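Asks: Residues per chain are reported as follows:
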Amino acid sequence: MAILPILLFPLLGALVNGLFGGRFSKRTIAWVGVGSVGLSLLWMLLLGGRFFSSPEGERAFVETLYTWMSIGTLKIPFALRLDALSMVMIAVVTFVGFFIHLYSSDYMKDDPGFGRYFAYLNLFMTAMLLLVLADNFLLMFIGWEGVGLCSYLLIGFWYMEDVNANAGKKAFLVNRIGDLGFLVGMFCIVYAFGTLSFHDVLSRAPEVLRGSAWLVHAIPLLLFVGATGKSAQIPLYVWLPDAMQGPTPVSALIHAATMVTAGVYMVARVHPLYLLSPPALFVVTLIGVLTLLLAASIALVQNDMKRVLAYSTISQLGYMFAALGAQAFSYGVFHVFTHAFFKACLFLGSGVVMHALHGELDVQKMGGLKQKMPLTYWTFLVGALALSGIFPFAGFFSKDAILSALWIHYGPIFWALGVLGAFMTAFYMFRVIFLAFHGETRLEKHTYEHLHDASPKMAVALVVLALGSLVSGFVEIPGSESLARFSGFLSSVLPMPHHEAHASPIPEFALMAVSLGVALFGILLAYVFYLRYPGLPYLVGQMFSRGYRLLWNKYWVDEIYNALVVRPIVLLAQGLWRVVDVFFIDGLVNAMAYLTFAAGAGVRVLQNGNVQFYALMAFASLAVLVVCLTFLL
Amino acid sequence: MYTVVPLLILFVLSSVTAIVFVLANRLLGPQAMTPSKLEPFECGVEVYGPVRQPLHVRFYLVALLFVLFDVESVFFFPWAVILKDLGLVAGVEMLAFLLFLVGALAYAWKKGALEWD
Amino acid sequence: MDFRVGLVAVEVALSLLALLFILLGAWQRPNTSPTGAWAVAVLALIALGGFSLSSSGIDGVARSFYGLVVSDRLGAFLGLFSLISGLLVLFMSPAYLSREGIHKAEYYGLVFLSLVGGFFMFKAASLLTLFLGLEVLSMPLYVLCGLKRNFGKSPEAGLKYFYLGAFFSAVMLYGISFLYGALGTVNLEGLAALAISSNRHGLMCAFGLALLLCGLAFKAGLAPFHAWVPDVYEGAPTTITAFMATFVKVAAFGALIRILFSLPPDILPVLKPFGWLVAVLTMFAGNLGALYQTNIKRLLAFSSIAHAGYLLVGLLSFNALGQQGVLYYLLAYTFMNVGAFAVVIAFGQRGEENVTLDDLRGMGLRHPFLGVAMALFILSMIGIPPTAGFVGKYYLFAAALSAGMPVLAVIGVLNSVISLGYYLRVLVALFMMPEARAVIIPPKGFGAKVAVAACAVLVLWFGCFVSSPIAAFQGAFSQSMLQPGTIARLP
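Protein chains in written order, with the working numbering: chain Z, 1 to 633; chain F, 1 to 117; chain A, 1 to 491.
Everything labelled a hint here was simulated from the structure, so no lab data went into it.
None of the values given here were measured: they were computed from a predicted structure.
Just so you know, even glycine gets a beta-carbon here, dropped at the ideal spot from N, CA and C.
Any given hint could turn out to be false.
[Claimed, not checked] Examples of chain A residues lying across from chain Z (beta carbon under 8 Å, computed):
(1) TYR66
(2) VAL171
(3) TYR174
(4) LEU211
(5) GLY289
(6) LEU365
(7) PRO368
(8) PRO386
(9) VAL391
(10) LEU401
(11) GLY404
(12) PRO434
(13) LEU458
(14) TRP461
[Unchecked claim] Per label pair, the in silico range of CB-to-CB distance:
(15) F:LYS37 - A:ARG350: 55 to 61 Å
(16) Z:MET160 - A:ALA39: 43 to 49 Å
(17) Z:VAL62 - A:SER468: 18 to 24 Å
(18) Z:LEU46 - A:ALA39: 38 to 44 Å
(19) F:VAL57 - A:ALA39: 30 to 36 Å
(20) F:LYS37 - Z:GLY602: 50 to 56 Å
(21) A:ALA47 - F:LEU114: 46 to 52 Å
(22) A:ALA47 - Z:LEU8: 36 to 42 Å
(23) Z:LEU12 - A:ARG366: 22 to 28 Å
(24) A:ARG350 - Z:HIS199: 54 to 60 Å
(25) Z:ALA620 - A:VAL270: 18 to 24 Å
(26) Z:ARG23 - F:LEU114: 41 to 47 Å
(27) A:ARG366 - Z:GLU440: 45 to 51 Å
(28) Z:ARG23 - A:ALA47: 53 to 59 Å
[As the list claims (entries may be wrong)] A short list of chain A residues far from chain F (calculated; beta carbon distances all over 12 Å):
(29) SER15
(30) GLY25
(31) VAL42
(32) ASN150
(33) MET204
(34) LEU268
(35) LEU277
(36) ALA453
(37) SER468
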């Protein structure tokens, strides 16, 4: 069965909507846009059926359509590869993508750019599917560039406001910096291997690279530069928080199914190259852990619901890279898999809230939404529990697998940092939940009365994704070889992660209990701060009343705690956000742009339109060149 | 470089000669400046209008046509001299050249470039 | 050594067509647009293209015109590119020329004449043929640039181009005279005797060669001889800008290839650093200059300078990859550039045809066909797959890498990133800005739309199906009249 149609359906949808969208009714556009991805989903299921029905040893299909180009002896075919890894990825992309499309058809129904929106969205799907199905680096690069381009178009979708257009540009530019690394890495691969096919490069990697002192490290590191751009890691993560300027379903698509997972997928795909270079593996884990801590701490102080989710994505991507660096490649992909469900669910939920509140996203101004929007609340809660890693939700299994891999490979310190991240995750997610959905409402009465829950199509998407967040973790039960079905399924492509039997003196269940406890503690703390005593300032004002002295003392403990624990974290997070994000990284990017434009201005001075001056310039250059040439030749 | 040296000597000599004569004229000759002597030389006719007045564009047209029909027809002389040796091909080629020249003439004529007014 | 008219049939036919159309212009009634002439011109070019395509498969080398003109695969391919460029330009011409009130039959005659010159440039077997070709190419262009006499910048462009062009023609001729003096021949094979160090005429050779290369660099718009490009491209009628940006580049690079590959190999190591410097200067001058432009024609002019720089990178590699890359990029560049200018024409209006970025705002959404096509051309210029521009760039930079010039390749890629700064602004204006003007008149010309559609399809086509053209280009250099042994001895 051909693999290609899965790509062609959305491409066709994009073409039809892009060229004729202006003439169609919104109904037709939605049918074309959602339907084309639906067909892809169906096709994926058919492919999956065939995949599972074939014997285990033969589960890798390569479909070569034609030779795309040949450079000297280097032949690059247009070939698609379906193996266990790409099967998982297309399943995630089409499944989550389909429900995001479905949700969009309602969410965007009042937008004048409806046809354009679906054209971009379908193109995005095409590019991502091409990225994960490509059988060689160059074809993957096409998808890689394609998702960058589409994200640029979609983030800047509401281009009427400068902020959005700028956010789009920022995303594209930062991505291109990463792409530069990827491209140079690809050149190095051509140089070393003379081929770009995954199979040839990966199977010959040990013999080819063993002799080379620097290529063995340079190739994985350069490719990783590309991954940091696409998957929003330090130092190239800055585009992702701004990327939420686009329509909310787009954020869901970028954060969950497409785009950011590309880097993780790529590293997993070429893992034999990484296995040859322990330093590169360590860099991957280090960057991952640093990113997860930085992003999680920043998320603690944000009041914008989508911004919290954006930083949480960066943080979760950090976990994935940490797992990849710890040689637990299938755990990294496992986290991609579970994360897709709950992050899409959370983003779509925040979209419903945003819709109901007419664009308001500040959690400080919400409160009490639970009563008016029960469906959104419950699905959001499921997503948050999964993200916080609470048993038995999906995030628990994948995060725990990653933490144990960190313990085994890099020791307790990295594990502890991961657990600290888990604690912060639980805290900020439930801070959002308690502030937005619980307690007394802080909205105007009129607005609050007219709140509406998700529309039917949106509700379907939310419920399906929430169910996914609930059950998708059970495909991999930690601590048991026989129940590790997910990594077992992937084992034809990715090596099985090491288990505790190898080294660790601490039983895996103890680690699990600790991380679960820490996450629960985070939720509890959020509860205390934002729900149990939300009127803390008010009560402090009451403290002079003698009758409440005891009570006041009790609260004093909280105040100290606040001052000693929360304030420093808040300050640190703010500091990090200000210094690192705004000053250092934005500053660096701006300085580069400024220098380039200054040089441009210099060139412009020479271009003064005066023909005598041109002639003089030409003559002077001529004289210099001719004299130099004459005497050197 | 040996081939260039005599050329260089010639160049220097001729320059020196020219400069010497101009300087000698300037230094030795009597110099009595009167207003009429400083006037631009116009064959005894009264000076009218500034010297740098631009010429009418017609003159350029005439100059161009001159280049076309006079200078290009110089090409015929060497051709005529060795026509016998070159044979038929050269004859045909010159006819082709003439064709283009006649075409150009026809174009100029039709466009009115040959009329003064 | 004889005439062999069959080998120069295309050139002869073009010359006769040129004469015919110029005369037609004289007998054309005033205020009538010669649509019939346009149709004839287009048909003639298609026929000639077909003819040269059918003869592009010829193997080996043949000479005609008493040994002054050479027919080989390289010449056939470059001729084909030139005809394609001319054909596309003719397609978009009538609508544009009628709008600007300069629709004259002479226009077509001059375009044909310029094409003849280009053919003789890259089919030259002698320096004099090359020079003659250059002059025949340039003279009609000077006139065509100044065709819009009522629009101030157009005569200015023509005049500027003429002054500087005449200057560099003289420079080139001066160089050729030195080479003749030193070598006693103007044949390109004679250049192989240019053994600089051992010959007692070494200084003369070097001086002559330097002047000759500088003259060609001017025509190709390479820095530091690029200053004329933005002004001339901006002032010239847009169709002619498209023609110059593509066809003249093809001709100039063809001539450069002819000369560089005729040189003895021991000169190349000395020439390379200069080429390196010129390539880097050109890329930076083009890309940095474009950053501040708001006029699309000027922006594209600067970008064309940058593209010349990329081409030079491939040429300097002196390997098979680079040769294929240069031909591929010339082809891709022809389509994306003509296409982009065709879109500029379509969005322009009479008189103030200076389409600025502001004027383009929101047009991509109002006219999706033109918008999507323009986006495609821009993406191809950036070098984003799967467009022809990406493939071309990939070959060029890969060639530089395999020739041991990684720094040049990295500078090239870096320049591609800088170029995003202005290319993105075009896309932003097209798709991400509110409309600036309430009413815009889309072009009535059917031909312009055909040209845009053809370019768009071909940019995609050559981005997706690369193997067969590359295979065809592979033989273009090895089976050409380039000094035997030169290629074999290259690193």
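Asks: Does each hint fit the structure? Answer for all of them.
Replies: For each hint, the structure was consulted:
no.	hint	in the structure
1	TYR66	31 Å, violated
2	VAL171	7 Å, holds
3	TYR174	10 Å, violated
4	LEU211	6 Å, holds
5	GLY289	4 Å, holds
6	LEU365	7 Å, holds
7	PRO368	6 Å, holds
8	PRO386	6 Å, holds
9	VAL391	6 Å, holds
10	LEU401	6 Å, holds
11	GLY404	11 Å, violated
12	PRO434	6 Å, holds
13	LEU458	16 Å, violated
14	TRP461	12 Å, violated
15	F:LYS37 - A:ARG350: 55 to 61 Å	59 Å, holds
16	Z:MET160 - A:ALA39: 43 to 49 Å	45 Å, holds
17	Z:VAL62 - A:SER468: 18 to 24 Å	23 Å, holds
18	Z:LEU46 - A:ALA39: 38 to 44 Å	52 Å, violated
19	F:VAL57 - A:ALA39: 30 to 36 Å	35 Å, holds
20	F:LYS37 - Z:GLY602: 50 to 56 Å	54 Å, holds
21	A:ALA47 - F:LEU114: 46 to 52 Å	36 Å, violated
22	A:ALA47 - Z:LEU8: 36 to 42 Å	38 Å, holds
23	Z:LEU12 - A:ARG366: 22 to 28 Å	24 Å, holds
24	A:ARG350 - Z:HIS199: 54 to 60 Å	59 Å, holds
25	Z:ALA620 - A:VAL270: 18 to 24 Å	22 Å, holds
26	Z:ARG23 - F:LEU114: 41 to 47 Å	60 Å, violated
27	A:ARG366 - Z:GLU440: 45 to 51 Å	49 Å, holds
28	Z:ARG23 - A:ALA47: 53 to 59 Å	39 Å, violated
29	SER15	8 Å, violated
30	GLY25	8 Å, violated
31	VAL42	22 Å, holds
32	ASN150	17 Å, holds
33	MET204	9 Å, violated
34	LEU268	26 Å, holds
35	LEU277	29 Å, holds
36	ALA453	36 Å, holds
37	SER468	39 Å, holds
Hints 1, 3, 11, 13, 14, 18, 21, 26, 28, 29, 30 and 33 from the list above are not met by this structure, while the remaining hints are.
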